[in-house]
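If you read the sequence shown in this note's numbering, its first letter stands for residue 1, the second for the next number, and so on.
Hints should not be assumed to be uniformly reliable.
Simulated restraints, written as ranges between beta carbons of each label pair [as the list claims (entries may be wrong)]: (1) Gln21 / Pro96: 38 to 46 Å; (2) Arg92 / Gly134: 18 to 26 Å; (3) Leu6 / Arg159: 30 to 38 Å; (4) Arg87 / Gln21: 33 to 41 Å; (5) Pro83 / Gln2: 39 to 47 Å.
Just so you know, the hints here were simulated from the structure itself, not pulled from any lab data.
It should be emphasised that the depicted structure is a prediction, and the values quoted were computed from it without experimental measurement.
The beta carbon of each residue, even a glycine, is placed where N, CA and C say it ideally should be.
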Amino acid sequence: GQVTSLGVSNMGCRRLRRLHQRLSARGLTLASVQVQLSLLCRDPLGPGGVAELCEELGLGLIAYSPLALGLLSGRWQLGGALPAGPRGQLFRRLLPAIEPLQTELAAVAGRMGATAPEVALNWCRAHGALPILGLRRPEQVWAVAGALGWVLPEEERQRLDQVAAKLEVRMPANPFGSA
Numbered sequence: 001g002q003v004t005s006l007g008v009s010n011m012g013c014r015r016l017r018r019l020h021q022r023l024s025a026r027g028l029t030l031a032s033v034q035v036q037l038s039l040l041c042r043d044p045l046g047p048g049g050v051a052e053l054c055e056e057l058g059l060g061l062i063a064y065s066p067l068a069l070g071l072l073s074g075r076w077q078l079g080g081a082l083p084a085g086p087r088g089q090l091f092r093r094l095l096p097a098i099e100p101l102q103t104e105l106a107a108v109a110g111r112m113g114a115t116a117p118e119v120a121l122n123w124c125r126a127h128g129a130l131p132i133l134g135l136r137r138p139e140q141v142w143a144v145a146g147a148l149g150w151v152l153p154e155e156e157r158q159r160l161d162q163v164a165a166k167l168e169v170r171m172p173a174n175p176f177g178s179a
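All chains, full assembly: derive it from the sequences and hints.
Structure follows, in structure tokens:
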């Protein structure tokens, strides 16, 4: 078959608009854009951000790392055991600063009868994004399947947005770098 639509990842608004125009001129459809999006990486949602452009151009917004490498999963806590290597170093730096967000995430989860990951995934969905996950163990499928079938109420989304906006840290664009 012939390719009729494409998706891209990590593209800024100016390049994204230009690519959309060039593909359209060739009869191709740009279908989606994948960006890092979570309560700890909200840049795509800002004014003039990728989410706004996706809506304007009719593109699907795909959120990778919606659980911020697991920081929003409820598994990793300040003072608890942390993963080894670069992920552990990143967590040691971020965990103290995100405690208010973890607390609010747990509170929302309690009010919704859900888990922290389910709430974090629904937060992405409430912002019009389709979250994708990097699951490592079969039981994780069931842990996040509960995110389907319900929608995060607007007032809970706003509450989480407010807490996240006050944080002095955010996920780095490329947390582990590459050579």
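Which of the stated hints cannot be reconciled with the structure, identified by number in ascending sequence?
-> none
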